[in-house]
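Q: Sequence:
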Amino acid sequence: MFGAGDFAVFSSGAVNLVPGDGNGVEDVFIRGPDPADPAADITGDGDREDSVLTVLDASGGAPSAPQPLCPATSASVAAGQVVFLRPEDAGPTPSLPHCPAAALVDGNPDLSGDGDSSDEVVHFWSQSENAVLNLGLAARAVSASGSWIAALASECDQAGAITAGCPAGGTDLNGDGDAGDLVLEVHEACQPLASCSWMQPLRAGSAQAADSVDVEGSVVAVLTPEAAQGQENLNGASSPDTDASDRVLQVFEAATGTLTNVGQAAEEFVLGHETTSCDGSGTMQLVAFRTSEAAQGGQDLNGDGDATDDVLQVYDAKSGTLLSSGQAVTPCRLEACNPRYPYRVFGRRVKFLTYEPDQGADLDGDGTATGLVLQSFDFCTAKTASLSSVTEQSDRAFDPLSGSAGGETSMGATEGETLMVEAGRCLETIATGCATNADCPSASFCDVGLCKREHGVCVTNADCAPDSSCEADLVVATDIDADVDNVPDSADNCPEVANDSQDETLATGVGDACVPAVCGNDVTESIEQCDGTDDAACPGDCLSDCTCRCGQVPTDPKAKVIVKSKKASGIVRVKMLVELGVYSGEPVLVRLDDSDSTPIAIESIPTVPARGKSGKKWLYKQRDDGIQKIMIKDRTKKSPATFLIVVKSKHWFSSAAANQAAAATDFTAVIGDRCFRHEATKKIE
928 MFGAGDFAVF SSGAVNLVPG DGNGVEDVFI RGPDPADPAA DITGDGDRED
978 SVLTVLDASG GAPSAPQPLC PATSASVAAG QVVFLRPEDA GPTPSLPHCP
1028 AAALVDGNPD LSGDGDSSDE VVHFWSQSEN AVLNLGLAAR AVSASGSWIA
1078 ALASECDQAG AITAGCPAGG TDLNGDGDAG DLVLEVHEAC QPLASCSWMQ
1128 PLRAGSAQAA DSVDVEGSVV AVLTPEAAQG QENLNGASSP DTDASDRVLQ
1178 VFEAATGTLT NVGQAAEEFV LGHETTSCDG SGTMQLVAFR TSEAAQGGQD
1228 LNGDGDATDD VLQVYDAKSG TLLSSGQAVT PCRLEACNPR YPYRVFGRRV
1278 KFLTYEPDQG ADLDGDGTAT GLVLQSFDFC TAKTASLSSV TEQSDRAFDP
1328 LSGSAGGETS MGATEGETLM VEAGRCLETI ATGCATNADC PSASFCDVGL
1378 CKREHGVCVT NADCAPDSSC EADLVVATDI DADVDNVPDS ADNCPEVAND
1428 SQDETLATGV GDACVPAVCG NDVTESIEQC DGTDDAACPG DCLSDCTCRC
1478 GQVPTDPKAK VIVKSKKASG IVRVKMLVEL GVYSGEPVLV RLDDSDSTPI
1528 AIESIPTVPA RGKSGKKWLY KQRDDGIQKI MIKDRTKKSP ATFLIVVKSK
1578 HWFSSAAANQ AAAATDFTAV IGDRCFRHEA TKKIE
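Numbering-wise (our numbering), the sequence shown opens with residue 928 and increments by one.
Keep in mind that the hints were calculated from the coordinates and are not lab data.
Treat the hints with care, since some could be wrong.
Said to hold, decoys possible - Derived DMTMM-like pairs (lysine to aspartate or glutamate); straight-line CA-CA distance at most 25 Å:
{"#": "1", "residue 1": "Lys1485", "residue 2": "Asp1561"}
{"#": "2", "residue 1": "Lys1575", "residue 2": "Glu1612"}
{"#": "3", "residue 1": "Lys1609", "residue 2": "Asp1523"}
Using the sequences plus the hints, can you model the full thing?
A: Okay, here's the thing in structure tokens:
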């Protein structure tokens, strides 16, 4: 079946599609709208030539009835909002009550107010308001994140007298003397939207040309053609590049109004979501992009001795850190690949394809360097792992970059299919004298009389930890990702429990998320601090959840720990000074215990964000049940090493759990590797 315009062509053996079909063979049919049907003219402008943006709500299960909004040429959807370009030449829309009207010019609405009706104008619709707002900007591209809108305004579509680059006359928005560019403009998705206006991110006092844009959260990424920015060499400061013919990555942090020229040539980019930073003290947001070595001043960025490749680079929009993977990258052009994502960003990692001849190396360990290989670059460790070889499938297509979901591997294959040949395995020899796997410790195996533990895939010894080596392994393995954490099972230290961070506290080769431990068997195992009578780490103070009771009691004479369990209120109010020493965003865990419930309640906050610019205050705040506020404030000027801790909760625990007196009820705060415990100063039941 294929279509063109209002018509679709298909073949069928059905005999009931048209009257009198009795030839007994498969026929070709052409299906189109009924010219006599007035419903075919959705906009009500007298023709059936428009593409109309229609929305429906599928968040509640069954989709709602489709609701046509306005004619549109392109749209961006985020968080119950749609930002779209409406073509003026689609005509008036009397049959669409949500679509804004405007004065007619040559029979069509002048939506941008520039005196003509040939532009595409940015419009906005939100599910909450169920109304379309004309934002009045003539543009050629839009992107939305739910909190910010980015558009590429067309200089030629703005009313003006500059004819350079625009024979009909336009406006020079970026100060380069012509009106032929597309220029970045940003609009906050505030409430009400009309209370905000378009703004132009400036660098050196000038707005910036761009031909590609994306926004995620408050981060806007664009590619700026140097030729459109007044022939300015934007990537010459960080390379031998001397021309003005490249496209260069720039990043705008809308929340702070900061525009950064990354200074690297880019063919395209993929903007990831905001996620926890490598050290857990804040956030990061990665932009992966493909740099042509030739465009970056002829630099050899992947160390293969030439400057003819495209190389994957990654920039953190939050910290301003730029890292090169040192690996050639090939955009995924397989039929199943999404053309919007030539490579993928998953939190701290980027999955991409490398054509081995571009890298000049055998990456998948098959003895040749002629194939296409799936790789993963970890921004936090600055290391690249070769995950699998990639070949076209004749029976069905798959996207090797896609994330895993429901029984699929990270290459889109059904679990159990053989799709990957490992380049090698990082193996640590931990014991001798084994005959079978049963003779070896947990998480290890017997290999020719030696117990070994695997630590993921590798190409060379440099990819492995100091206590392990890269051993060639040409046995075909599967690239299954059973726990859907975007770390293939072959490289996952905890393949059955999602643990994207791959944390491994005990360096046993088994991730913390799935370390086997049985609390209550009087044996301290794995990440347990103690277990019943096995309490050497804290004699007499082992709690029933196999953690040690915190021994640090604040000396603050004015400390307040108020616990209110009346009517299931689950309220805790804490205010006390502690000798913390320093704080820089470490994780915070708070718990409430009494003599028969350990814990009554417990909650962990990955990081408490900094508040303000002083670097002296950190605040976590939310409105849902549980811990609603944690504030940490530096008081070291008044008293060395002293910090103020404030904690508030609501509906955090049940009345039945908090059934002991104040003297038998403890509040504990674990901040990084420090802990502080104080008994309740008041109990309200």
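Q: For a C-alpha distance cap of 25 Å, please report whether Lys1609 and Asp1523 respect it.
A: OK: Lys1609 and Asp1523 at ~18 Å, within 25 Å.
Q: Are Lys1575 and Glu1612 close enough, with their CA atoms no more than 25 Å apart?
A: holds, 17 Å
Q: Taking 25 Å as the top limit, are the C-alpha atoms of Lys1485 and Asp1561 close enough?
A: holds, 17 Å
Taken one by one, the earlier hints all hold for this structure without exception.
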